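Peer 1: Please put together the full structure from these sequences, using the hints given.
2 protein chains.
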Amino acid sequence: MNHTPALSDTDDVLTPRELKRIHAWWRAANYLSVGQIYLMDNPLLREPLLPEHVKPRLLGHWGTTPGLNFIYAHLNRAIIKRDLEMMYVMGPGHGGPGPVAAGWLEGTYSETYPNISQDLEGMKRLFKQFSFPGGIPSHVAPETPGSIHEGGELGYSLSHAYGAAFDNPDLIVAAVVGDGEAETGPLAASWHSNKFMNPARDGAVLPILHLNGYKIANPTILARMDRDELDALLRGYGHTPYYVEGKDPEQMHQDFARTLDVCLDEIREIRRRAREDGQIERPRWPMLVLRSPKGWTGPAEVDGKKVEGSWRSHQVPFSAARENESHRQILETWLRSYRPEELFDEAGVPVEDIRTLHPTGPRRMSATPHANGGVLLRDLRMPDFRDYAVQVNEPGTGAVEATRVLGQMLRDVMAANMDNFRVFAPDENNSNRLAAVLEATDRTWNAHTVPEDDHLAPDGRLMEILSEHTCQGWLEGYLLTGRHGFFSCYEAFIHVVDSMFNQHAKWLDTSNGIPWRRPVASLNYLLTSHVWRQDHNGFSHQDPGFIDHVINKKSEVIRVYLPPDANTLLSVADHCLRSRQYVNVIVAGKQPQMQYLGMADAIVHCTKGIGIWDWASTDTDDEPDVVMGCAGDVPTMETLAAVEILRSRFPDLSIRVVNVVDLLRLQDEANNPHGLADREFDALFTTDKPVIFAYHGYPWLIHRLTYRRTNHTNFHVHGYKEEGTTTTPFDMCVLNQIDRFNLTIDVIDRVPRLKDISAHVREELKNKLIEHRQYIRTYGEDMPDIRNWQWTAAPGAADQPHA
Amino acid sequence: MNHTPALSDTDDVLTPRELKRIHAWWRAANYLSVGQIYLMDNPLLREPLLPEHVKPRLLGHWGTTPGLNFIYAHLNRAIIKRDLEMMYVMGPGHGGPGPVAAGWLEGTYSETYPNISQDLEGMKRLFKQFSFPGGIPSHVAPETPGSIHEGGELGYSLSHAYGAAFDNPDLIVAAVVGDGEAETGPLAASWHSNKFMNPARDGAVLPILHLNGYKIANPTILARMDRDELDALLRGYGHTPYYVEGKDPEQMHQDFARTLDVCLDEIREIRRRAREDGQIERPRWPMLVLRSPKGWTGPAEVDGKKVEGSWRSHQVPFSAARENESHRQILETWLRSYRPEELFDEAGVPVEDIRTLHPTGPRRMSATPHANGGVLLRDLRMPDFRDYAVQVNEPGTGAVEATRVLGQMLRDVMAANMDNFRVFAPDENNSNRLAAVLEATDRTWNAHTVPEDDHLAPDGRLMEILSEHTCQGWLEGYLLTGRHGFFSCYEAFIHVVDSMFNQHAKWLDTSNGIPWRRPVASLNYLLTSHVWRQDHNGFSHQDPGFIDHVINKKSEVIRVYLPPDANTLLSVADHCLRSRQYVNVIVAGKQPQMQYLGMADAIVHCTKGIGIWDWASTDTDDEPDVVMGCAGDVPTMETLAAVEILRSRFPDLSIRVVNVVDLLRLQDEANNPHGLADREFDALFTTDKPVIFAYHGYPWLIHRLTYRRTNHTNFHVHGYKEEGTTTTPFDMCVLNQIDRFNLTIDVIDRVPRLKDISAHVREELKNKLIEHRQYIRTYGEDMPDIRNWQWTAAPGAADQPHA
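Sequence lines, in order, name chains A and B.
Be aware that the first sequence starts at 9, since it is given in our numbering, and climbs by one per residue.
Be aware that the second sequence starts at 9, since it is given in our numbering, and climbs by one per residue.
Everything labelled a hint here was simulated from the structure, so no lab data went into it.
Intra- or inter-copy, both count: the list cannot distinguish identical chains.
Okay, derived cross-link-like pairs now, DSSO-like style, lysine-lysine, Cα gap no bigger than 30 Å in a straight line:
| no. | residue 1 | residue 2 |
| --- | --- | --- |
| 1 | K562 | K729 |
| 2 | K729 | K616 |
| 3 | K313 | K203 |
Note that the structure is a prediction, hence the values are computed from the model and not measured.
Peer 2: Pasting the structure below:
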């Protein structure tokens with residue numbers, strides 16, 4: 009195994025004065041970090057440390073913080089020296105005190121939060137607010153200037169970093185990968201992101217693997233592998249690794265500065281080759297490995313147990329500093345070891361040498377506009393979605409692949425926004441019928457190709473990797489740095505990123521309360537290849553529960569749309585692509601489906617989000633006998649088919665069809681700003697008539713949304729009940745009793761006046777179900793009259809008036 | 009980069025006759041695979057292929073299948089030659105036709121499903137049933153003999169394989185890793201599982217990376233990296249890779265046979281060194297890389313487009329074989345290319361040479377008992393959980409870390425079951441207060457150690473890696489091969505494995521309908537470090553939604569428990585550890601909490617799952633004025649504190665406290681076999697009194713569970729409403745209005761007779777909330793009377809009778 013030739017470690021790149029200053033900056037950042045974790049008063053120890061100066065609840069993570077600060081100091085040196093545009097993504101973002109300290113030293117913190125001034129009083133407040141009620145979180149968070157990466161859940165730093173670097177040719181994203189974080193699946197997968205980077209067009213990511221040695225309680229795998237294995241692994245990921253290892257600060261400063269220079273030189277050369285020589289071959293990007301003690305510069309030992317260099321320094325290295333005199337003494341000694349009197353002047357202001365050792369203005373990593381993407385966000389240039397409209401002569405006819413129609417619009421959105429829009433899919437773009445996008449761009453790909461390959465190019469903008477995690481992480485990074493995107497995914501497998509969605513939704517929710525954070529483009533999901541048409545892949549591919557997961561988050565940041573056909577899908581997608589600060593979930597099938605609404609009607613319907621379909625209803629001005637609610641393409645079709653059966657068997661039955669596109673309109677205003685007022689809801693669903701509701705997902709969700717509504721007790725919801733296998737499309741409906749026959753039977757059973765006159769129809773429908781089952785087991789496909797069914801308008805139905 | 013020295017490729021290890029036979033077996037498996045995908049009649053082409061012989065819906069995945077069959081054939085050779093105990097895990101399990109074909113050739117299929125006999129009629133049925141209504145799924149599934157790994161969702165093959173190998177010293181698990189699958193996060197993380205293998209005690213995993221070249225539509229990353237990078241990556245993962253590459257069958261048979269021999273020799277030697285020489289150093293386990301064309305042996309071209317060796321062969325290589333004469337001709341030519349007349353006799357039985365080219369009995373991979381773990385499952389030797397009981401002198405007093413008490417029991421479960429029980433945690437075991445387990449065993453670790461390390465050993469049984477995915481995958485593999493386990497996790501981050509849970513729950517549900525699959529031990533989750541006590545880590549760590557996710561699955565396979573204290577936790581955990589075929593979710597805090605029930609009472613309470621707490625109630629035989637429901641430790645405490653406030657202010661108010669341990673008891677019997685009968689529910693919650701319900705998670709869930717209950721409209725649920733940050737424990741309750749003051753105010757507002765007499769109390773409580781907010785912002789911790797609050801029994805309360 010041939011290692012990178014060691015750089016001569018006698019080459020001091022820092023002058024003595026540079027070394028002294030950079031070390032002082034690091035000491036200052038470390039001092040401020042410890043202060044945040046422990047102190048609520050006496051910030052510069054100008055009086056002896058007393059119990060009441062120590063916070064009663066000690067919360068925070070020290071272990072990773074000195075490493076984060078160390079890197080920050082050196083990145084700053086490089087930014088100044090090379091005039092770089094740089095951004096800092098911290099995988100071990102639980103080390104929140106670090107970037108907060110850096111932001112304060114750079115002045116950004118006081119500019120952003122004037123109350124936290126850059127003086128003694130400000131320092132006191134800086135310390136107290138950390139992990140304190142009414143203050144700031146213990147991790148890197150939306151509140152932290154310069155951050156796009158919440159530090160609470162591990163695994164997403166590299167994919168976020170790449171997302172930030174795409175289409176930002178001048179940007180270098182320094183991404184610290186924690187060695188604990190590196191054990192997670194999402195992080196492990198994201199190393200291969202470099203196969204999707206184009207050095208001519210994109211920025212660069214400089215991974216810095218921080219071998220901190222320990223996690224909460226265990227050593228890390230990467231820190232305990234043989235060196236040849238680690239080196240092989242990182243080269244296998246496509247990088248040229250450079251190592252900085254040790255604990256002596258002076259040596260480490262020289263080593264890190266020199267090695268960082270090597271890495272940045274290589275990045276510059278990679279860029280030059282790509283941009284000047286036109287070299288398109290994928291480079292082996294440099295990366296850094298920093299091996300340093302966990303809790304570096306912290307107390308070596310507490311109560312006879314090793315702390316620095318041990319898992320014991322992960323959080324608060326000792327927790328009784330308020331109650332315990334000896335612990336308090338350790339704390340004071342520790343703090344004084346940074347010699348704060350040399351770092352801050354009488355007023356508590358960082359001394360000149362420190363105050364000037366950072367870039368200025370937006371070059372400061374704590375002030376980069378890329379980390380507050382909303383300030384850079386430009387509106388998408390949008391084509392007129394009506395231009396892609398499908399002609400609808402009669403509602404409930406035709407056979408249109410809705411997502412294929414959407415693909416045409418996305419193609420033109422792509423073509424008009426070739427610098428700030430990307431489409432993401434886990435190898436499913438074409439399967440999801442969005443292939444038209446490839447008419448405007450290629451798939452991003454910077455690894456080897458062969459002639460048989462289909463639309464691969466380094467400057468492609470369709471990003472496909474078989475990792476929902478990586479797609480999601482890239483997209484989040486791309487959005488949070490001020491661009492736009494669209495993510496299509498098989499419905500069942502979007503659950504792979506449930507937890508990532510959680511964190512993004514929480515980020516948006518928190519950001520809504522932070523005035524300086526400008527709104528970013530929404531995260532748009534198209535969930536297709538959905539439960540009702542995964543009949544071919546079977547049970548494992550059938551799960552519509554992402555909606556349930558999503559709506560537990562704040563209603564201010566999430567929306568769910570179930571457009572029943574192509575024109576409504578176009579209208580919804582146009583709305584979502586223009587929106588800000590939401591996670592939009594669009595669920596739409598890719599299989600040929602009937603079309604219901606012409607574009608004008610579709611726009612009206614989607615704007616209201618819910619409405620009566622007069623043309624499908626048989627009710628007049630009076631209240632209907634029954635309301636048939638539906639949400640989702642397949643449930644809508646089955647509902648209409650049920651209406652047709654009912655219409656033919658009970659011509660005077662008064663049926664109202666209500667279709668729901670915007671799911672959260674069902675919720676009451678009190679729970680959701682998008683919810684219908686009770687009055688409006690009652691006008692649609694009546695206050696006392698049976699409502700037979702066919703819903704795309706798990707039926708209980710409709711109950712959860714409507715439980716406060718007047719007529720809720722009369723809601724009877726059909727949906728997916730975890731019945732499924734490889735079978736026919738219609739059989740999927742039958743298995744879950746959301747098919748036309750079961751819906752019709754439910755109406756018969758719920759409408760009192762049908763009770764005595766419907767026995768024969770009920771019998772007929774039950775026989776239809778038996779016949780269906782026998783037919784498919786023999787012939788392997790649905791009966792022709794079901795396969796080919798289309799809606800037939802009732803005479804004069806469309807003319808019936810409605811409010 | 010030093011590659012593995014190439015083996016001499018002139019060394020033919022297969023005699024001509026062996027070669028001929030193994031190739032015939034492969035042809036037979038491939039023939040049967042194509043037949044399954046395409047045919048519903050005329051299985052051996054004894055008449056010309058007609059449209060009606062071809063299935064109307066062509067569903068299945070051809071591309072990966074010939075590779076799976078190729079490997080199967082060679083593994084069989086090795087099993088026979090070396091008398092191995094082997095199991096086959098197929099990452100690309102969408103190639104379902106392959107293992108079904110193999111199972112049929114081995115006779116297992118007909119033994120398992122007598123209707124699918126090993127003759128012409130059976131072959132016809134074998135073909136027709138595949139992806140056919142009433143038949144079998146298109147992927148590897150519970151229906152497939154020999155499988156523990158559903159092929160629908162990618163990424164879990166390696167972790168499943170390791171789970172199967174742990175504590176199975178004689179077993180070799182051959183794990184095919186798809187090159188598409190390898191891009192997923194869970195798979196990428198799971199390579200490091202070899203750091204947790206003990207060759208002396210555990211079996212072996214032989215990863216076979218199948219470089220099939222393409223995914224659905226894109227090339228795969230691993231197939232398009234430079235060879236030196238791929239080699240480095242696999243060595244970095246800790247393996248010694250051996251390559252077999254090509255497409256000429258004869259050469260490939262020789263190469264694969266020879267290389268497999270090398271790998272199995274190495275495994276034997278590794279075992280020998282570990283078991284005879286006592287060598288404990290982690291070995292570099294061998295692995296295979298098979299590079300072969302996607303859709304190998306399939307049609308080279310269809311309609312002028314390349315198919316074999318292209319993404320076009322991923323699913324059904326051409327789909328119009330029923331309608332299109334020329335496609336049908338291609339199909340017939342393809343099928344005949346395997347020369348079925350040489351492979352099957354007149355009766356459709358595989359010819360002698362094929363029929364005997366597999367191991368016998370349980371040595372057949374399709375018949376290994378390890379893949380039907382229930383047949384190997386032994387009951388855990390369980391200590392008496394009552395021995396760990398916490399003494400409770402007065403209910404609602406004390407300060408017990410419930411999970412620490414549980415840890416003592418788990419320690420003894422571990423000690424008594426050192427060969428078939430493991431505990432899993434993503435680096436959180438001690439954080440979750442289960443450290444006592446380390447008194448019985450160590451943490452599994454086979455990488456380097458240093459003296460400072462805490463309880464690491466190759467034969468440890470506590471499995472900690474910072475990857476929820478890997479923990480989950482290991483545990484699933486361990487359970488499905490007939491052992492027991494326990495998984496503790498931070499509540500918020502269990503969402504990382506939402507999708508894996510889905511697949512496991514679906515596996516259990518399907519297995520329940522398959523008589524030959526014997527029940528396996530339940531998958532037991534302890535979710536702790538929960539939302540109400542992640543006040544220190546803040547918003548990112550606060551999400552109780554896994555419960556919502558879980559209960560969308562079939563109620564026959566999931567259970568959710570919210571024990572409020574240590575004794576109830578012991579009782580619940582004992583029950584879960586003894587159970588079969590469930591996913592049990594236990595939510596319990598790790599922080600010091602009051603204790604409510606002595607062990608005798610705890611057992612009664614947990615057995616019922618829900619019940620009135622007489623000692624906390626003030627109602628008598630009459631119906632109460634209000635019911636206070638509670639589920640979860642913190643909500644229970646706040647409910648009791650509210651009762652105490654109410655009792656003191658309104659001494660004659662009749663309050664009934666109902667505590668819920670078994671959450672699904674709330675659901676009605678119609679929806680859930682564990683649900684309370686309506687009569688019982690009404691007896692607890694009345695039919696018309698206000699119910700103020702404090703729930704651990706998202707409040708809507710309680711509405712979703714109870715919407716059919718008589719008194720549902722009077723349910724007012726308090727729970728987590730996505731309000732949270734780094735703050736005090738009590739403030740978390742206040743932010744979400746689940747605290748004692750808000751609960752009390754809600755009672756006041758809902759009980760009619762309090763309306764006119766309660767204004768001053770309401771005012772007092774509102775002031776308490778303001779006072780609280782001011783206090784914490786000043787002092788950083790909760791007010792002493794809240795921090796130190798304990799329940800005070802009302803005089804005589806415990807004596808009140810109840811039904």
